[in-house]
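**Student:** Take a look at the letters that make up each chain.
2 protein chains.
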Amino acid sequence: MAAESGHGDHQIDGRFNRRAVLVEEAQRRVLAAAGTVASEHVPLAECGGRRLSRELRATCDWPPFARAGLDGYAVRAADTALASPSNPATLRVVDTVAAGGLALAAVEAGTAARVMTGAAVPEGADAVVMLEQTAEAVAGGEKAALIKAAARPGQNVAPRGEEFRLGSPVAAPGELLTPGHAALLGTFGYAAVPVYKRPRVAVFATGSELLPVEAPLAPGQIRDSNSAMVAALIRECGAEPVLCGTLPDELAALREALARVSAAVDMIITTGGVSVGDYDAMAELLRGLASYSSSSPAPAPSMLLFNRVSMRPGSPTSAALLDGKLVLALSGNPGACFVGFELLAAPALRAMQGDPSPAAQAIIARLSSDIGKGSPHVRYVRAKLRFGGDGIVYADPLAFGKSSMMASLAEADGLAVIPSGSQGSKEGDVVQVLLLKRTC
Amino acid sequence: MAAESGHGDHQIDGRFNRRAVLVEEAQRRVLAAAGTVASEHVPLAECGGRRLSRELRATCDWPPFARAGLDGYAVRAADTALASPSNPATLRVVDTVAAGGLALAAVEAGTAARVMTGAAVPEGADAVVMLEQTAEAVAGGEKAALIKAAARPGQNVAPRGEEFRLGSPVAAPGELLTPGHAALLGTFGYAAVPVYKRPRVAVFATGSELLPVEAPLAPGQIRDSNSAMVAALIRECGAEPVLCGTLPDELAALREALARVSAAVDMIITTGGVSVGDYDAMAELLRGLASYSSSSPAPAPSMLLFNRVSMRPGSPTSAALLDGKLVLALSGNPGACFVGFELLAAPALRAMQGDPSPAAQAIIARLSSDIGKGSPHVRYVRAKLRFGGDGIVYADPLAFGKSSMMASLAEADGLAVIPSGSQGSKEGDVVQVLLLKRTC
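Chains as they are written, first to last, in UniProt numbering: chain E, 1 to 440; chain Y, 1 to 440.
Isolated chain E (complex conformation) (with noise of 0.2 Å):
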């Protein structure tokens, strides 16, 4: 597994050769390298958690007709303008109009119409008086309301465009879409809706300890965890992964694994193998490859983006473009390559598929409790966010500084992001909480 070494900064950056770049330069590079995938129509209800591919607009007036807001009495409102329990106008009843119904007549002074839910008012009429300030009546032989209160015109009627007009936007590209978005877009008539595909992902563990999970134990050996984990992120990105087992630490075994399957999938995710052990093959791997250079004019279908970065826990966390493919070379410590996921492989699973804005979502939240000692690199602590009864929300950090220890990833909510510097932070200190993208 060989994960994480991470102390001692610049005897590191001497021996081992690797300069560790800031996190907000690293998922620059990660996200330049990352585009978009191709586009594909679902079926209108299974859009949600799908990303719209193209800006989508109104195809009619919303509503397309003045409707009736609730059952009751299509009026004209100067007719009612004196109208009083005790002194109901009486009006004439011309029609009677359900939702999906035509309006046979005009309401005229004098006359009302009968109107559902939904319905379209009637030409003449401006406001609707609900069922229950009316009663029915008889009035020179014929059926009649008697309405028990004065409408104000507009009053329970949606107006035709009140909400769209025709040609309007209703969603951006790039924009998650959500149940609200499946009503819209079904009031539009899009049956079909243009998504850009989920992302294929390759997820290799690598490291010659490791088991497939349904092995038996061996001695000093340990089951791949790490595979089930990243797949389960990668879904939640909605993207799709192509779980592809186990490698040993073996540099060709490894080089030849990724070439295989590098053309049928959109990035490749490995954990393990990344830090400055003996037997890091990953690691070995990307030191043969050209290192990135800002000044170069065009990428190279191959070469290394970062092999260090400054955060912790995941300092040995990589990129590299590989035959033009992304390969993102996370930590095999759990904690680690989870941290390594939500901030670089997440963003850039977002990023493939629109989103404009696809990094972690940041909040600000309260500490509720200290976090040790000051560190070189910026810390990402697994946080549990609380609500307090005023208003306020807090971090509760959980198991800090421990980065193996898995019990915490289950609980987690976000990640507090604790700054580089000769001091932690304290109870109380306000501090950004990278949310992380669940459904609860």
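It should be emphasised that the hints constitute simulated quantities derived from the structure, not laboratory data. Remember, predicted model here, so these are calculated numbers, not experimental data. Among the hints, a few may not be true.
Which copy is meant is left open, so a pair is good if it fits within one copy or across any two.
Capping the alpha-carbon separation at 30 Å, the derived lysine-lysine pairs in DSSO-like fashion look like this [what the hints assert, rightly or not]:
1) Lys373 with Lys148
2) Lys437 with Lys148
3) Lys384 with Lys143
4) Lys384 with Lys437
5) Lys384 with Lys197
6) Lys197 with Lys143
7) Lys325 with Lys426
8) Lys384 with Lys325
9) Lys373 with Lys437
10) Lys437 with Lys197
Fit chain Y to the given chain E structure using the hints.
**Tutor:** Just chain Y now, kept in the frame of chain E:
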């Protein structure tokens, strides 16, 4: 569509004989009728977002052996007590242990073993010194390590069983499985995960004015946008929608359609037809049922649970058991349909998957603007959450008072709960906000 009337309570009560229950009572009745679905096994990499159907326990101690936290030398701390860069301790190297490899030699006084991250720490050693604080050497013709810093006992060693003891609980029944859980379950060899099945939910839209989404608009008609919205909401709850199309406002057709699908699904959701209009077929169907009675010893296979809820929007929201199947009859008004789903259908679907606290997650936020005047009903106002730089959460109300407005459905993060009473809520008031379960 015939959606919400929702005004003049006592009049409706008197005239239409529909007695409003409080939201909490409506939820209680629906949850009591919900039950749980059967369970099934899914592959580990597909468990994210599902709910566990039985407790899972640690199948071994974790870590399973004393584990090196980083690359370096396993030593006896006592041997390094006086070590410093200028006065390193010289220890004979007796072994090299890769992650996954076996330690062949014990570390005795005056010796050390080279260990990689994740390797088993050899017998006798009680600390690991990071590689960066060491140097290679030769002593007495044999390979040796110069240790340049004093080690604390236990340093950089995760003792066996530090995180989990064999048999201790790892995840509880009903828990929503996250990527972190996938890592944990993989660690303990759960290649197949027991989860509750996805409840199957039939979705009908009722209303003679409704056109299929793919149809061109006709005068007075609108497209069925609720079915797609409800389908997306159902999926967000981990359940599977079964779209059954639209039905006219005709009692016989409605009754027949529900009966036909009933045995194949776990729940039925209808939209529309629940109000007091002349063509509200769903309301008519429910009127024919025996009423809920808290004193009846056993629930009847068919009974009305409620047909009016003290909430706005969505007061005509109704629920029933029909031949033993839970039927939720939501308003046809998109906004009211949405609120009815979040308050009643979503908790029921989560409970059916074993969620021990299936109500929506409620947080406290500060209102960023006034919310109008009083209401005899509790109001659920769509809101966007905003996290201030001061650690305070603000709820920005969206499109207050327009339950038909669809644009804000796509934007809302939560429903702000405005208590019933003679006054509304003011800017700066703390209010409860029910979080919509979203992936962002």
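**Student:** Indicate, hint by hint, whether the structure satisfies it.
**Tutor:** Hints versus structure:
In the homo-oligomer, the alpha carbons of Lys373 and Lys148 lie at most 30 Å apart only across protomers (23 Å), although the nearest pairing inside one protomer, at 73 Å, exceeds that limit. In this homomeric assembly, Lys437 and Lys148 never come within 30 Å of each other (Cα to Cα): the closest approach is 53 Å inside a single copy and 44 Å across copies. For a Cα distance limit of 30 Å, the shortest separation of Lys384 from Lys143 qualifies neither inside one copy, at 65 Å, nor across copies, at 48 Å. In this homomeric assembly, Lys384 and Lys437 come within 30 Å of each other (Cα to Cα) both inside a single copy, at 13 Å, and across copies, at 17 Å.
Taking the closest pair of Cα atoms, Lys384 and Lys197 come within 30 Å of each other only across two copies (28 Å); inside a single copy the shortest separation is 32 Å, beyond that limit. In this assembly of identical chains, the alpha carbons of Lys197 and Lys143 never lie at most 30 Å apart, being 59 Å within a copy and 56 Å across copies at closest. With identical chains, the CA atoms of Lys325 and Lys426 are never at most 30 Å apart, being 42 Å at best within one copy and 54 Å at best between copies. Proximity of Lys384 to Lys325 under the C-alpha cut-off of 30 Å is found in neither arrangement, the shortest distances being 35 Å within a copy and 38 Å between copies.
Taking identical chains as interchangeable, the C-alpha atoms of Lys373 and Lys437 lie at most 30 Å apart only when both belong to the same chain, with a minimum of 29 Å there against 36 Å between chains. Taking the shortest Cα distances, Lys437 and Lys197 sit within 30 Å of each other both inside one copy (19 Å) and across copies (23 Å).
Consistency note: the structure conflicts with the earlier hints numbered 2, 3, 6, 7, 8.
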